[in-house]
Amino acid sequence: MTKKLEENFFKILMILSTSAILFSLVLIIVTILIKGLPVLSVEMLTKVPQGGYYFGKGGGILNAIVGSLYLSTGATFLAFLIALPVSLFMNIYLIKKKRLLNIIRYLLDLLWGVPSIVYGAFGFTIMIYLGIRTSLLAGIITVTLFIIPIMIRAMDEVFKTVPLGLIEASFSLGSTKSETAFKVFLKQVIPSVVTAVLLSFGRAIGDAASILFTTGYTDHIPTSLLEPTATLPLAVFFQLSSPIPEVQNRAYASALVLIIIILIISILSRIFANRNKLKKLNIKTAINKRFVYYKNIRQNYIQYRKNKR
Amino acid sequence: MKETESKIKINNLNVFHGNHHTLKNINIKVPKQKITVVLGSSGCGKTTLLKCLNRLTDLYDNIKVTGKIIINKEDILHSKRDITEIRREMGLLSQMPYPLPMNIYNNIVYGLRISGRKNKKFLNKRVEYYLKQANLWEDVKDRLKEPASSLSLGQQQRLCLARGLTVDPDIILADEPTSALDPVSSNAIEERFLKLKQYYTIVLVTHTLRQAKRLADYVVFMYLGELVEQGPADEFFNNPKMDRTKAYLKGTSN
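Sequence lines, in order, name chains A and B.
Under the working numbering, residues 1 to 309 are what the first sequence spells out, in order.
Under the working numbering, residues 1 to 254 are what the second sequence spells out, in order.
In silico DSS-like cross-links for lysine-lysine, where the CA-CA straight-line distance does not exceed 27 Å:
| no. | chain 1 | residue 1 | chain 2 | residue 2 |
| --- | --- | --- | --- | --- |
| 1 | B | 32 | B | 195 |
| 2 | A | 97 | B | 80 |
| 3 | B | 145 | A | 183 |
| 4 | B | 195 | B | 132 |
| 5 | A | 97 | A | 183 |
| 6 | B | 64 | A | 160 |
What the hints contain is simulated information worked out from the structure, not anything from laboratory work.
Note that the structure is a prediction, hence the values are computed from the model and not measured.
The following block holds chain A by itself, in its conformation from the complex (with noise of 0.2 Å):
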């Protein structure tokens, strides 16, 4: 009787909160879409803004649009450059050094949930330090100290997973330890590298604090590393904050076009993913394994249990 309630009880928590999770996540896109739609136009998505826009007036967000594209293709670039040598070298040189890989790893995901604006403050002091004004180039540095620990763990997630016998295997046809890494293991993490990569590039476009001290805003396309840039989330800032109702609502029609590709980002990096899972893994081959194993286990038991009659 008490079992029954008990699963009951827990039955209905589990219920009750994942309803919850998917009501939040349908309120917060119905009320985008409610506001932001009627006021997104080709206009919107095609024009910088022109004067007076901040009241209600023409123009769109294009610049923020491209700001924040030029932004966090810069930022993923750079850290990419850094974080897929780090996890290669923590993968393949370190991987005798359990307890160093413990520590890093943590230290990374220290790094991680370090919230962005500290990382914003950070970038400023950097920005002094190298004489540079509110600028792209500024903004690019600081969403890349940010998203490396990001694109570093995701990826040394993935690369744990390679069986070490794999490693073995290429050891022993005499490979060295970068011929390992580049001809060996990269061919076989390739697709979730490419996952890693999108997922901090999604982190990279949608995040406001890093960049509130270092990108500034500005109403034109930038033409230079040097110049600041509009982004989307500050252009979602900085209309919202408007007590214009037009102007507000211009804000959710940003953060529409924020999600859109946040959203395609996502999708892209699933069909990677899962791209991974089919190729590389063989989840077919790896059931056959399993049940030969076991075939064979029950095989060489019923021979036993034959010669021992």
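Add chain B to chain A, keeping to what the hints say.
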């Protein structure tokens, strides 16, 4: 069996995993161009012994290896030569086949390419030669460009055998190579071993006694990290000296 030259001499080999003494004072002389079977139940250190032979123990944390392993008059545990060179002298066949993440052709030529052989014609010839050696050529000759993971498990294991042969080793190390395979594929692998032993020295780790009986020329029996008995196969199976061996031979099957 008549006396033959020994290929690998293991002297006073001790292995520690942290505080655990995994291999205790192992002394083995592995005869040249024969199949030496290392027998024993799980966890007795068979695999560790094999990994010492091509120094894959380097990959693990917390392992200490002492003693000598002499191959071609050289102590490989304390050699100043590059470790990759030493590893190239032996092929490894592991419990599960691990094909490299590339197509069948490239799996075979990988070892050749990294040692600097680039000539296309030469590579094509070698691929055919080694796949025939591993008895796989007929299965795959029309699909060399397909990914190696598309092969069946038994075929993958034969592919790994062929791949191991490409670097022209003297020694083949095999760690329970048939334990994950179906009986037909196992037979194929066993048959290959019997053919290959005229060119190679084979060290085979297994826990199936029947397989040991079919293949072994020389047997090493281990129990909990200790070497219990070693000797030529017929002597070992028909006239074991140690009580432990007798119990083992009786206990598993006839």
